[in-house]
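Trainee: Each chain is listed here by its residues.
There are 2 protein chains.
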Amino acid sequence: MDLWYTENHTEEARFSIKIDRQLVSRQSEFQRIDIFESREFGRILTLDGYLMVTEKDEFIYHDMITHVPMATNPNIKKVLVIGAGDGGTVRELLRYDSITHIDMVEIDEEVVKLSKEYLPFTAKGLTDERVHLFFEDGLKYVRHKEGEYDLIIVDSTDPFGPGEGLFTKEFYGNCYRALNEEGILVNQHESMYYSSYAASMKRAHQRIKDSFPIAKIYQAHIPTYPSGHWLFGFASKKYDPVGDLDAGLWNNLGIKTRYYNTDLHVGAFAIPNYVKEQLESE
Amino acid sequence: MDLWYTENHTEEARFSIKIDRQLVSRQSEFQRIDIFESREFGRILTLDGYLMVTEKDEFIYHDMITHVPMATNPNIKKVLVIGAGDGGTVRELLRYDSITHIDMVEIDEEVVKLSKEYLPFTAKGLTDERVHLFFEDGLKYVRHKEGEYDLIIVDSTDPFGPGEGLFTKEFYGNCYRALNEEGILVNQHESMYYSSYAASMKRAHQRIKDSFPIAKIYQAHIPTYPSGHWLFGFASKKYDPVGDLDAGLWNNLGIKTRYYNTDLHVGAFAIPNYVKEQLESE
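Note that the protein sequences, when read in sequence, are chains V and G. So that you can map any letter, position 150 of the first sequence is 150 in the UniProt record's numbering, and since no number is skipped, the others follow by simple counting. So that you can map any letter, position 239 of the second sequence is 239 in the UniProt record's numbering, and since no number is skipped, the others follow by simple counting.
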């Protein structure tokens, strides 16, 4: 049997993974959810046909979306996570004893249910008593919060479909208000290599810059995402992610990671000229 | 018409590019050479079916294989380039006025001929008077050289087929002897993400470490190469690529690059833990 999952990275570039078998195919209220088993990448979650998580390289994404802000400010206690239904972001956050409270707001309860059943490697922390789950729209949730969080992580889908609102000016402004004076906002920021998302991510970056005094972009090598050159946004009221990093302090925590380290933290903010130019161009 | 070029990154992962038309398909003495035209990636060169160069992202590879050693030692004058038939590496080297002499040793004259005809964007420097072309086996060429070069760049194909000898202990030892006391060796080092090459590249890295007192690995985001997380080897008799970088000096040269910059130079050497562990494991 020859079963392949194919994602169109553009209309003219495709990435295909050999599938052993399909475990789940379900239409939720918000999106189509599929889970596959593969030999090369282990279990794979897709939403509306777009690859979200593979067992082989999810550690890269989850390391970079959590440890970069946590190492920048090791005093983070209260965190809001938007999206992230697979649980991987919360799993990494729970490794910090300093974190006392995580609110996680996922629009689609089905994603959490299915992740708990089929993706235990990411979902294992979701029953921890520090985690408070809300199944609602993150865009609406954050409107009513003020000065409450040390860190907001926006672990969204792409800038269309259910996640579209999480790239708007209104949303970033509400995140600013929901954060306290030490607050950091980190979001998944797509790739700039293919022109399909480049324009909308440039707009998103400009909107974040309009809302926060500090707004930077950092990158990671995520082989199963389009182009493999994935970006994250780091915005904050006070902390500079490179200048304020205390590498010794983070290394003393003894958190063992497979991708992240404090040298790479600094290196991740050194983005190529062509990406900088695209982000800053008029 | 629906014409696609597909490369198997492993038996279970494929990358496919929509092709507008095929411009060349030729069997040389050493390998099969194909050149395609595509809308997303421009012109594409493949050897034995493996993607070598695309017009869209060749600048990333060529920036990183040349500017990293050149910024580490701005006094480099005499360079040996092995492989690199498309001409992109020589094109970047020629931007340095300090370089007075480039020997380029390419085993397959057909690759150079066809690149001059179909890939003028990379091949344009090959007729420069500072460039001396030799169509022979780099492995043999380097055996008879002693203390002659400031820099050797090994811009090879994969560690099998015609390029196989360029990953051996004998070859690295001969490169050491061919370099002067200031000498630097840079080589393309594949990716560690898929297990297919990981073992042979770990061996290659150990061999380079056995031959040179300084041996490091650095990385770049090259979307059209397997995994997009591409590695390069940096070995030298004297220079540390991070400690000895004089960023101000390089920036004063005024060389405009689309990928490389001196912050990224430092960041490129901050490789993920899982790659370090694979390279250093027993």
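There's no promise every hint is true.
Identical chains blur together in the list; that is why a pair holds if it fits in one copy or across any two.
[Stated by the list, open to error] Using 16 Å as the maximum straight-line C-alpha spacing, the simulated EDC-like pairs for lysine to aspartate or glutamate come out as follows:
#  : residue 1 : residue 2
1  : Lys116    : Glu11
2  : Lys56     : Glu12
3  : Lys124    : Asp240
4  : Lys256    : Glu277
5  : Lys18     : Glu7
6  : Lys276    : Asp263
7  : Lys145    : Glu277
8  : Lys209    : Glu148
9  : Lys238    : Glu55
10 : Lys276    : Glu182
11 : Lys237    : Glu181
12 : Lys56     : Asp244
The set of hints was computed from the structure by calculation and includes no laboratory data.
Trainee: Hints broken by the structure, by number, lowest first?
Mentor: Hints 1, 3, 7, 8, 9, 10, 12 contradicted; others consistent.
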